[in-house]
Amino acid sequence: MKAVGIILAGGNNSRMQELSNKRAIAAMPVGGSYRSIDFALSNMSNSHIQTVAVLTQYSARSLNEHLSSSKWWDFGRKQGGLYVFNPTVTVDNSWWYRGTADAMYQNINFLKRRHEPYVIISSGDCVYKLDFNEVLDYHISKKADITVVCKDMEPGIDVSRYGVIRMNEDARVVEFEEKPMVSHSNTISAGIYIVRRRQLIEMLERSADEDRWDFVTDILIRYKNMKRIFGYKMKEYWSNIASVDSYYQTNMDFLKPEVRRYFFREEPTIYSKVDDLPPAKYNAGSDVRNSLIASGCIINSKVENSVLFKKVFVGKNCVIKNSVILNDVYIGDNTHIENCIVESRDTLKANTYYCGENEIKVVYENNERYVL
Amino acid sequence: MIRKEMIAMLLAGGQGSRLGVLTARVAKPAVAFGGKYRIIDFPLSNCINSGIDTVGVLTQYQPLRLNTHIGIGIPWDLDRNNGGVTVLPPYEKSDNSEWYTGTANAIYQNMNYMEQYHPEYVLILSGDHIYKMDYEVMLDFHKENQADVTIATMPVSMEEASRFGIVIADEEKKILEFEEKPEHPRSNLASMGIYIFSWKVLKEALIAMKDQKSCDFGKHIIPYCHEGGKRLFAYEYNGYWKDVGTLGSYWEANMELIDLIPEFNLYEEYWKIYTKSDIIEPQYLSSESVVERSIIGEGSEILGEVHSSVLGAGVSIGKGSVVRDSIIMKGTCIGENVMIDKAIVAENCVIGDRVRIGVGEEAPNQFNEKVYAFGLVTIGEDSVIPSDVSIGKNTAVSGVTTKEDYPTGTLFSGEVIIKAGDAE
Numbered sequence: 000m001k002a003v004g005i006i007l008a009g010g011n012n013s014r015m016q017e018l019s020n021k022r023a024i025a026a027m028p029v030g031g032s033y034r035s036i037d038f039a040l041s042n043m044s045n046s047h048i049q050t051v052a053v054l055t056q057y058s059a060r061s062l063n064e065h066l067s068s069s070k071w072w073d074f075g076r077k078q079g080g081l082y083v084f085n086p087t088v089t090v091d092n093s094w095w096y097r098g099t100a101d102a103m104y105q106n107i108n109f110l111k112r113r114h115e116p117y118v119i120i121s122s123g124d125c126v127y128k129l130d131f132n133e134v135l136d137y138h139i140s141k142k143a144d145i146t147v148v149c150k151d152m153e154p155g156i157d158v159s160r161y162g163v164i165r166m167n168e169d170a171r172v173v174e175f176e177e178k179p180m181v182s183h184s185n186t187i188s189a190g191i192y193i194v195r196r197r198q199l200i201e202m203l204e205r206s207a208d209e210d211r212w213d214f215v216t217d218i219l220i221r222y223k224n225m226k227r228i229f230g231y232k233m234k235e236y237w238s239n240i241a242s243v244d245s246y247y248q249t250n251m252d253f254l255k256p257e258v259r260r261y262f263f264r265e266e267p268t269i270y271s272k273v274d275d276l277p278p279a280k281y282n283a284g285s286d287v288r289n290s291l292i293a294s295g296c297i298i299n300s301k302v303e304n305s306v307l308f309k310k311v312f313v314g315k316n317c318v319i320k321n322s323v324i325l326n327d328v329y330i331g332d333n334t335h336i337e338n339c340i341v342e343s344r345d346t347l348k349a350n351t352y353y354c355g356e357n358e359i360k361v362v363y364e365n366n367e368r369y370v371l
Numbered sequence: 000m001i002r003k004e005m006i007a008m009l010l011a012g013g014q015g016s017r018l019g020v021l022t023a024r025v026a027k028p029a030v031a032f033g034g035k036y037r038i039i040d041f042p043l044s045n046c047i048n049s050g051i052d053t054v055g056v057l058t059q060y061q062p063l064r065l066n067t068h069i070g071i072g073i074p075w076d077l078d079r080n081n082g083g084v085t086v087l088p089p090y091e092k093s094d095n096s097e098w099y100t101g102t103a104n105a106i107y108q109n110m111n112y113m114e115q116y117h118p119e120y121v122l123i124l125s126g127d128h129i130y131k132m133d134y135e136v137m138l139d140f141h142k143e144n145q146a147d148v149t150i151a152t153m154p155v156s157m158e159e160a161s162r163f164g165i166v167i168a169d170e171e172k173k174i175l176e177f178e179e180k181p182e183h184p185r186s187n188l189a190s191m192g193i194y195i196f197s198w199k200v201l202k203e204a205l206i207a208m209k210d211q212k213s214c215d216f217g218k219h220i221i222p223y224c225h226e227g228g229k230r231l232f233a234y235e236y237n238g239y240w241k242d243v244g245t246l247g248s249y250w251e252a253n254m255e256l257i258d259l260i261p262e263f264n265l266y267e268e269y270w271k272i273y274t275k276s277d278i279i280e281p282q283y284l285s286s287e288s289v290v291e292r293s294i295i296g297e298g299s300e301i302l303g304e305v306h307s308s309v310l311g312a313g314v315s316i317g318k319g320s321v322v323r324d325s326i327i328m329k330g331t332c333i334g335e336n337v338m339i340d341k342a343i344v345a346e347n348c349v350i351g352d353r354v355r356i357g358v359g360e361e362a363p364n365q366f367n368e369k370v371y372a373f374g375l376v377t378i379g380e381d382s383v384i385p386s387d388v389s390i391g392k393n394t395a396v397s398g399v400t401t402k403e404d405y406p407t408g409t410l411f412s413g414e415v416i417i418k419a420g421d422a423e
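Just so you know, the sequences run in chain order A and B. Position one of the first sequence corresponds to residue 0 (numbering that gives the first Met the number 0), numbered consecutively onward. Position one of the second sequence corresponds to residue 0 (numbering that gives the first Met the number 0), numbered consecutively onward.
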């Protein structure tokens, strides 16, 4: 593959409420057994990209732990590898990453020292499968300076939290608005870009000279009429998890057979860190309907339309309905959970009641767990 | 010079013929267990958890699955610069080339492998038991007693004792005598087939006995050391240990995992069991599914009912199907409205719609009464069962079967269909 990969994983989003207290969005658990960043990483690995840099900043502990070994995604070869770049203080810089462009600019030596002609940039908080070779072929055939992967959203969906794009007949981007109040297009940027490496270095250096630090507003939008920016429309599943609602919805999507088949059964495979947990166990009294259950779970009661991540313990006489229970949650007996997202490693006491009334409730307890 | 205090030699070359069609194409240590694992995962995980990072795995019978599973030892953290896991198949020599003819003969043929680590102690393990054991504690016992050989033993009931090799020891646990499957046992300490040898003693014994035909630890090496006046001690182990040598005990050991808090608990944080897992996605249970008292592996899709069963990874159970008291291994696909009762279905089988497995009265198996007993139905890996057939108890099926193989539409209790090559 003639490209290096960059995954932007530094971000936080207030729309995630308490869920992003603990970790960067790219480290959010998704689909029962994965982390959000697994999708971008697996896509890069499956597209035979050998060198990938992950740029992190906000609350990176959980993410660093997940990336502690690169073997799960088959990186870590003699040629190439997986690099994690946190902001560092150097002789001529003492800033945090001031934006996505700055994050890349501060690591510009990484870009300068590579030999691959192209760079593929992906955000770490999207759930999708994509063969970057196809996008690169498209990029070359269009003689584009930058290719933006984009996606048509269903009519009626609020696109105001995305970058919204309008293209001409030739698929050249003629309009690009970041998080518009009102929008006339339902085509959004998927947060995935291809740029020629030298071109990217040049644009990053110039923006830095002008004290501009954001890749979308200061490069894509600013250079829109000067550079040839093209849109590549992806048809398959794509979802951004950076709000509580979309995070919940994305996890619930995995209950649909077509989404499950697409991500779990069809090639190429999505990889993740292996946790060496025993298989799930269903004791007498378990009654599980239309739900995803990850390994290491022990279930003693009713679970319906829910996604249980790894190592969840569900006590007796509980009802869990329409909920997402993250990793390693202990749920005491007689507890009712409905329309909730339960934060990982939580301990929910027996005889408690959690219900999201008109919206999804994020459950974030800090109870002690007594382990025998 | 590389120096390891203790290295392990894991005997994994046996067929395990009493597991019938389950081991037709894989060695017994590679047979699946507990919804996720293979039998060899238990001794391998015990090694790394006990701090032993150099393990030689001796293979001979049908080693492909075993080789693929072990690879370079990544799942057990046994991919090391120094030591790690090494698969040791029999090899050709300039003269006297032979297969591994016995447990001790296999070890003797790999003298060079052991020699390169300059060990002080060698741990001999077999790859067909389910247990968690800290070999370091056993080594401490060996050192404390200044033993030459330590044999791991386990108390069994006096009635059972006549099925085992029995060790008679004094109060200090020094071994006085052995009895192989005695009719009237004088002790209830059974040998578990796990030994620690001081390297010099092992080396001397192996060389002295090198011309012994089918040289075996229990039959030849241990008696040789005993007669030579070496210090032999019995280490008493009191945890869970299960020999899954027969279809009945294999089935039972799997079923024991279903208990609310099983004696052998895989859910403890301490002493993890590691395995190679290539399926990682969560399992899906549909709106019509009923699952209780069961263990289910990753990525399985359940549209029917599962009661008191152990299912491996990537198993699919169709609508209206009912699986009860059974073991279904990795990748097996079960159609709609199937009924399965007390069966062992090996990996990657396809069971057609409306098949009924485990029906009728028990009858002794006509092909091999000892192997196919316990009222179980055993289906070998990659088998295909066509739609609408019935299969009785104490039966075995192996290979791709079609409607023509069931002239009456039923495989009666005690009958066998084996189409896959060298199955026994």
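Any given hint could turn out to be false.
Calculated lysine-lysine pairs in the DSSO-like style (CA-CA distance at most 30 Å, straight line) [to be verified]: (1) B:Lys341 / A:Lys315; (2) B:Lys209 / B:Lys142; (3) B:Lys180 / A:Lys255; (4) A:Lys315 / B:Lys318; (5) A:Lys142 / A:Lys70; (6) B:Lys180 / B:Lys212; (7) A:Lys70 / B:Lys318; (8) B:Lys202 / A:Lys70.
Some chain B residues near chain A, calculated using beta-carbon distances under 8 Å [unchecked claim]: (9) Ile71; (10) Ile73; (11) Asn109; (12) Met110; (13) Pro281; (14) Gly298; (15) Leu302.
Just a few of them, taken from the derived set where beta-carbon distance is under 8 Å, the chain B residues facing chain A [unchecked claim]: (16) Gly34; (17) Arg185; (18) Lys218; (19) Leu259; (20) Phe263; (21) Ser276; (22) Gln282; (23) Ser293; (24) Ile295; (25) Val383; (26) Asp387.
Bear in mind the hints are in silico, worked out from the structure with no lab data behind them. Being a predicted model, the structure only gives us computed values, none of them experimental. Beta carbons: idealized from backbone N, C-alpha and C, even for Gly.
Interface hint status, B:Asp387 versus chain A (Cβ within 8 Å): At 26 Å from the nearest chain A Cβ, B:Asp387 fails the 8 Å test, so the hint is violated.
Pair hint outcome, A:Lys315 versus B:Lys318 [Cα-Cα no greater than 30 Å]: Given pair A:Lys315, B:Lys318 holds - Cα atoms ~27 Å apart, limit 30 Å.
Satisfaction of the B:Phe263 interface hint, Cβ to chain A closer than 8 Å: This interface hint is violated because 11 Å lies over the 8 Å limit.
Restraint satisfaction for B:Leu302 [CB to CB of chain A, less than 8 Å]: violated (10 Å)
Per-residue hint verdict: B:Ile71, partner chain A, C-beta under 8 Å: Interface hint status for B:Ile71: violated (11 Å vs cutoff 8 Å).
Restraint check, 8 Å cut-off on beta carbons, for B:Gly34 near chain A: holds (4 Å)
Hint consistency between B:Lys180 and A:Lys255 [alpha-carbon to alpha-carbon, up to 30 Å]: violated (58 Å)
Supplied contact hint for B:Pro281, tested at 8 Å Cβ to chain A: holds (3 Å)
Pairwise hint evaluation, A:Lys70 against A:Lys142, where the allowed Cα distance is 30 Å at most: It is violated: about 35 Å lies between the C-alpha atoms, which goes past 30 Å.
Proposed proximity, A:Lys70 with B:Lys202 (alpha carbon, max 30 Å): Between B:Lys202 and A:Lys70 the Cα gap is close to 39 Å, so the pair fails against 30 Å, i.e. violated.
Closest C-beta approach of B:Ser276 to chain A relative to 8 Å, hint status: holds (6 Å)
Proposed interface contact between B:Val383 and chain A, which counts if any beta carbon pair is under 8 Å: The hint is violated - B:Val383 has no Cβ within 8 Å of chain A, the shortest such distance being about 20 Å.
When the structure is compared with the earlier hints, violations turn up for hints 3, 5, 7, 8, 9, 11, 12, 15, 17, 18, 20, 25, 26 and for no others.
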